[in-house]
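A.B. asks: Listed here are the chains, written in short residue letters.
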Amino acid sequence: AQSVAQPEDQVNVAEGNPLTVKCTYSVSGNPYLFWYVQYPNRGLQFLLKYITGDNLVKGSYGFEAEFNKSQTSFHLKKPSALVSDSALYFCAVRDIPNNAGNMLTFGGGTRLMVKP
Amino acid sequence: EAQVTQNPRYLITVTGKKLTVTCSQNMNHEYMSWYRQDPGLGLRQIYYSMNVEVTDKGDVPEGYKVSRKEKRNFPLILESPSPNQTSLYFCASSLVGRQNSNQPQHFGDGTRLSIL
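Protein chains in written order, with this note's numbering: chain A, 1 to 116; chain B, 1 to 116.
Do not take every clue at face value.
Only part of the chain B face toward chain A is listed, based on derived beta-carbon distances under 10 angstroms [unchecked claim]:
hint: 1; residue: Q6
hint: 2; residue: G40
hint: 3; residue: L41
hint: 4; residue: Y64
hint: 5; residue: N73
hint: 6; residue: P83
hint: 7; residue: Q105
hint: 8; residue: H106
Hint data in this document are derived by calculation from the structure and do not stem from the laboratory. Bear in mind that the values here come from a model prediction, so they are computed numbers and not experimental data. Beta carbons: idealized from backbone N, C-alpha and C, even for Gly.
All chains, please: the whole structure from these sequences, using the hints.
C.D. replies: Next up, the structure:
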């Protein structure tokens, strides 16, 4: 079985400061890891993914995430937050090769609030 | 433009009155899925489909039905809605196969259902 935990319901950060949104996962095989962002009244938008290779992956809007296999974590980061980054962020995992389909398991979401 | 389209976007109805939420994608994706989003619980999968006439239960299928008669459409049916099905629903699609297992899912903009 695969699972994802996002330990923080909300993260508050001042504009211009670095931000981190935490994610830990549990899989029985190798993970494919994803971050999605949800703006109000919109569906989830893909930000970035880790498949293999370099542990630091870069994605849309200046976001990046670091895969840490020993800590089973995939934290989302950005060096300098913008007010427009305020949204709901979801981490998701797909267990390879134990996944019968393309099933994604999502974390509970973390609301990021960036204040001017 | 590649997209997943859900209708309606908002619906308020009463207990027991059958309803259908439509989902259509124009990307020729084999895989389609329905999720419900509830505060603190993230997205939970209701049903998914690997291809035409192939559907399977997700984590929370009770009270829902789906069909996949055409590749582009994957309607969600609530035969006898109840208040605990009040939620935000998302449809998603993607390609299938191991060679595509690293691809993100594409999401619709969501349908907010209120069952009174």
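A.B. asks: Less than 10 angstroms between beta-carbons is the criterion; does B/L41 satisfy it with respect to chain A?
C.D. replies: OK, holds: B/L41 within 10 angstroms of chain A, min 6 angstroms.
A.B. asks: Does B/P83 meet its interface restraint, that is, does its C-beta lie within less than 10 angstroms of any C-beta in chain A?
C.D. replies: Because about 22 angstroms separates B/P83 from the closest Cβ in chain A, which is outside the 10 angstroms limit, the hint is violated.
A.B. asks: Quick check on the hint: B/Y64 CB to chain A CB, less than 10 angstroms?
C.D. replies: violated, 16 angstroms
A.B. asks: Would the stated hint for B/Q6 survive a check requiring a Cβ distance to chain A of less than 10 angstroms?
C.D. replies: holds, 8 angstroms
A.B. asks: Does the interface hint hold: is B/Q105 within less than 10 angstroms of chain A, judged Cβ to Cβ?
C.D. replies: holds, 6 angstroms
A.B. asks: Identify whether the interface hint at B/N73 stands, where standing means a beta carbon of chain A within less than 10 angstroms of its own.
C.D. replies: violated, 17 angstroms
A.B. asks: For the hint on B/G40, does the least C-beta distance to chain A fall short of 10 angstroms?
C.D. replies: Holds, about 5 angstroms.
A.B. asks: Grab the minimum C-beta distance from B/H106 to chain A and call the hint holds if it beats 10 angstroms, violated otherwise.
C.D. replies: Where the cut-off is 10 angstroms and the nearest Cβ of chain A is about 8 angstroms from B/H106, the hint holds.
Violated hints, in rising order: 4, 5, 6; the structure is consistent with all others.
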